[in-house]
Amino acid sequence: MIHRHDVIIVGAGLAGSRAAVEIGQVADVAVLSKVYPSRSHSGAAQGGIAASLANISKTDRWEYHMFDTVKGSDYLGDQDAIEMMVREAPETVIEMEHWGCPFSRTAEGKIAQRKFGGHTLEFGKEASLRACYSADYTGHVLLHTLHEQCLKHNVNFYSEFQVLSLIFRDNRAIGVVALDMVHGGLHTFYGRAVMFGMGGYGRAFSITSNAHANTGDGLALVSRVGLPVQDMEFVQFHPTGLWKSGILVTEGARGEGGYLLNNEKRRFMEDYAPTLMELAPRDMVARAMQQEIDEGRGINGEDKIFIDVTHLGEAKLMERLPQITELAMNFAGVDPRKEPIPIQPTAHYSMGGIPANANTRVTFDEKRTETVGFYAAGECSCISVHGANRLGTNSLLEALLFGRRSGKQIVEDLPNLEFPTLPADYEDAAREEVDHFKNVSGKEKVGTIRKELQETMMLDCGVFRSEKQLVSQKAKIQELEDRFKHITVDDKSDQFNTDLLEAIELGHLLEFSGAIVEGALARQESRGGHYRKDFPKRDDEKFLKHTLAWRKGANWELTFDKPVMLQGVTHKGFEPMERKY
Amino acid sequence: MPKRTFKIFRFNPETDSKPSYKTYDVECEGWWTVLDALNEIKWFVDGTVTYRRSCRHGICGSCAMMINGKNDLACELQIKTLKGTITVDPLPGFEIYRDLAVNMDPFYAALKRVKPWLINNDPYPSKERIQSPEEFKLMGDSIACILCAACTSSCPSFWSDEQYLGPAALLKAYRYTFDTRDKGLGDRIDALDNKHGLWRCHKITNCYHACPKHLNPTEQISKLQRRIIEEKM
Ligand SMILES: Cc1cc2nc3c(=O)[nH]c(=O)nc-3n(C[C@H](O)[C@H](O)[C@H](O)COP(=O)(O)OP(=O)(O)OC[C@H]3O[C@@H](n4cnc5c(N)ncnc54)[C@H](O)[C@@H]3O)c2cc1C
Ligand code: FES
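Taken in order, these protein sequences are the chains called S and W.
Mapping to this note's numbering: the first sequence position 487 is 935, numbers consecutive.
Mapping to this note's numbering: the second sequence position 24 is 989, numbers consecutive.
No lab work stands behind these hints: they were computed from the structure.
Since the structure is predicted, the reported quantities are computational estimates derived from the model, not experimental observations.
Take the hints with a grain of salt, since some may be wrong.
To be verified - Here are the simulated BS3-like cross-link-like pairs (lysine-lysine), alpha carbons at most 25 Å apart as the crow flies:
no.	chain 1	residue 1	chain 2	residue 2
1	S	Lys899	W	Lys968
2	W	Lys968	S	Lys893
3	W	Lys1178	S	Lys786
4	W	Lys1178	S	Lys764
5	S	Lys752	W	Lys1045
6	W	Lys1077	S	Lys600
7	S	Lys692	W	Lys1178
8	S	Lys856	W	Lys1092
9	W	Lys1048	S	Lys692
10	W	Lys987	S	Lys893
11	W	Lys1045	S	Lys786
12	W	Lys1102	S	Lys764
13	S	Lys940	W	Lys987
14	S	Lys893	W	Lys972
15	S	Lys563	W	Lys1102
16	W	Lys987	S	Lys886
Take these sequences, add in the hints, and give me the full structure.
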């Protein structure tokens, strides 16, 4: 079946939904999502959304937010885009309040704000209360409010439609082909503009805080039509994931005074960051934990560390960290009031993605040349405001704010965008893919290959990396890609065939994991979330550049020719300095 | 690793004339939830077992199902808290698409009938609207609802009347009606004040017992009923 709408949006998280609200008021927009919109992973965010509203930290201003973001990015963030983001943050958050988002409130009745790692006043002088929040479910209330605005504006939703391919010809996005998960069957959607808000790629790793749906489909889709992906090697590992599942234990557990203990019951952070101890930045703590584990000082010699909050006492725990108790009981079977919680670093946020400008138009080369009719925002994009490492609460902001920018840009561009003509072979790629997986019969299992991929990515392309590990991981991915040709998908049905969809998703994971590994291998330096044991220093001379990666046949080709924007739009920019806390 | 037996409701409309149960023995790690066991079955034993899941930490609302006769989130329920064979059924009261996946369209349609968005036509102030912490608290924990449908699916009034809004939609109506920024009760009253609306709640409290987020729709529906009566006086 063929569907024609002015604008086709893929993804209904904060980025996709926010764009839809904007466009839905003036044009005919369709939103496709593989999960019901309000189930998008944006809903999992707890901590907050950054904006220098200065409701509590009265002297806060966008320049401070800009500095923190640039420094946090280890200077790989594009400062023009960062300036736009931090300047527009207050109006973007306040607009959500106007639309009914239930934010927690200050005593004066304003939007409540709290501290979050890396956000400061006066360029690092003291902590800023910049994270706007709603109790422990900030992402949840933002997502639901946006979804409800979409309902109000009669946005057309195609829920549980999984997009399999992007139709892209002569530098122009034409549409997408999707599988109707519930009833089966391929549907083609085409329009004057296509926007991707397809979320992150945490599922390439075995230990992750990300949802099952976060399989980075958008990245595979763009690379299959010859477009590059950017900075894929930058993945943020959060220190406090529950052992084995990777489910996130909030940063607040450290913030409120939790101790990190090794198997000697010792607060090992005194060896790594004697002043900040447990409050050091996420990547530093994650590395310290991983080093303890690697050197055999994990609990029982296993790959876990303890976070101990028992000394805080039941009253403080209940008041300050109410959800931790429930989380630890439900997902680790541990009562944190009585015993320490086993944790390990967890793949949390994908800094890399589809290269795009601050106006969210997708670009395809070092010179940032734009594609036509194609836009991307949110975690699937790389605009790049987070550079090598994103600050907590900046990603909800990014998704919401660039979703909004995308919506406005598309509305502005629509008069100049004609309806494209569908090429004759518009459905072929998707149809071949589905037919292949329904008919292929071999001995391999999707579950097994995925498990091997995720576990080896964690081990050899995780918190610590080295040439030896990455070379071995590259070979491992090639082996898995070969074996993937010989899988069998048990389920042959048309309707609600999640077995088939998981096979398709695994194809994506295998593909872009190659880009993560190649990027990590070529980037012989350590910066933000990317740490090379054999190159522990940052190397601005060679690598103050964005990585672009193109899929060529079974390989990835890389360039390091895309410069970082070191100046803001109006601000002169912050010179790269050592990232010290 | 202890071995546990899972009895799973199976129905595929393309191949089955009627539903049946299929039994799987699974070696479960101590920390596993029911969703972990379902994944183990799907990934390594039988890929055709069908269910919804995404966040796997109780926030997206995808994985509500009936486990040992009680609606719950599969991803939040620790296996070690369950005794004997674990029976897994789809949420009752909805059409079954396949196995544990049901047709949620009526649930979402009910939600839309209560106009679940802020209604207030006053011009926006330049900053945020002021709402005191006490006013914020009036919404209670209704803002934490994850739309998993465990409540509506457990409600006898919903089983007997498909047109009934059900506890989740009514909770959403409560959330906006008790938001001091909202002026939309007049717009919502027709949807609420009829025989498929508020008054079909007979305070059976199944919804309260079913809610995996420990919300209390029954209580909030009562408050909404009182509010409507006041409004009409
Ligand atoms: C546990 C956790 C806590 C977090 N806490 C915070 C926080 O406190 N503050 C903060 O700023 N950030 C936080 N983050 C990060 C932040 O939540 C995300 O970066 C952000 O929400 C991403 O939004 P998005 O709109 O880009 O994508 P998502 O919300 O992930 O949405 C992706 C959308 O794309 C759709 N999609 C994907 N593939 C397909 C396909 N093939 N076909 C159809 N549809 C598809 C999905 O269905 C979904 O609708 C957290 C992340 C996690 C995992
Ligand atoms: S998988 Fe999201 S609530 Fe269970």
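How the hints compare with the structure:
For the proposed pair lysine 899 of chain S and lysine 968 of chain W, the alpha carbon gap of about 21 Å is at most 25 Å, so the pair holds. For a cut-off of 25 Å, the pair hint linking lysine 968 of chain W to lysine 893 of chain S stands: about 22 Å separates their Cα positions. A hinted pair counts as satisfied when its Cα atoms are at most 25 Å apart, and lysine 1178 of chain W with lysine 786 of chain S qualifies at roughly 23 Å. Pair hint lysine 1178 of chain W plus lysine 764 of chain S holds up; C-alpha atoms about 22 Å apart against a cutoff of 25 Å.
A hinted pair counts as satisfied when its Cα atoms are at most 25 Å apart, and lysine 752 of chain S with lysine 1045 of chain W qualifies at roughly 22 Å. The hinted pair formed by lysine 1077 of chain W and lysine 600 of chain S meets the criterion: a straight-line CA distance of about 9 Å does not exceed 25 Å. Between lysine 692 of chain S and lysine 1178 of chain W the alpha-carbon distance is near 24 Å, which keeps this suggested pair within the 25 Å criterion. A hinted pair counts as satisfied when its Cα atoms are at most 25 Å apart, and lysine 856 of chain S with lysine 1092 of chain W qualifies at roughly 21 Å.
For the hint linking lysine 1048 of chain W to lysine 692 of chain S, the alpha-carbon distance of about 24 Å falls within 25 Å, and the restraint holds. The suggested pairing of lysine 987 of chain W with lysine 893 of chain S holds, with an alpha-carbon distance near 21 Å, which does not exceed 25 Å. This hinted pair checks out: lysine 1045 of chain W and lysine 786 of chain S have alpha carbons roughly 19 Å apart, not beyond 25 Å. Distance restraint check for lysine 1102 of chain W and lysine 764 of chain S: the Cα-Cα separation of roughly 21 Å lies within the 25 Å cut-off, and the hinted pair is therefore satisfied.
Between lysine 940 of chain S and lysine 987 of chain W the alpha-carbon distance is near 18 Å, which keeps this suggested pair within the 25 Å criterion. Between lysine 893 of chain S and lysine 972 of chain W the alpha-carbon distance is near 23 Å, which keeps this suggested pair within the 25 Å criterion. For the suggested pair lysine 563 of chain S and lysine 1102 of chain W, the alpha carbons sit about 22 Å apart, so the restraint of at most 25 Å is met. Taking the CA atoms of lysine 987 of chain W and lysine 886 of chain S, the gap is near 24 Å; set against the 25 Å cutoff, the hint holds.
Checked against the numbered hints above, the structure breaks none of them.
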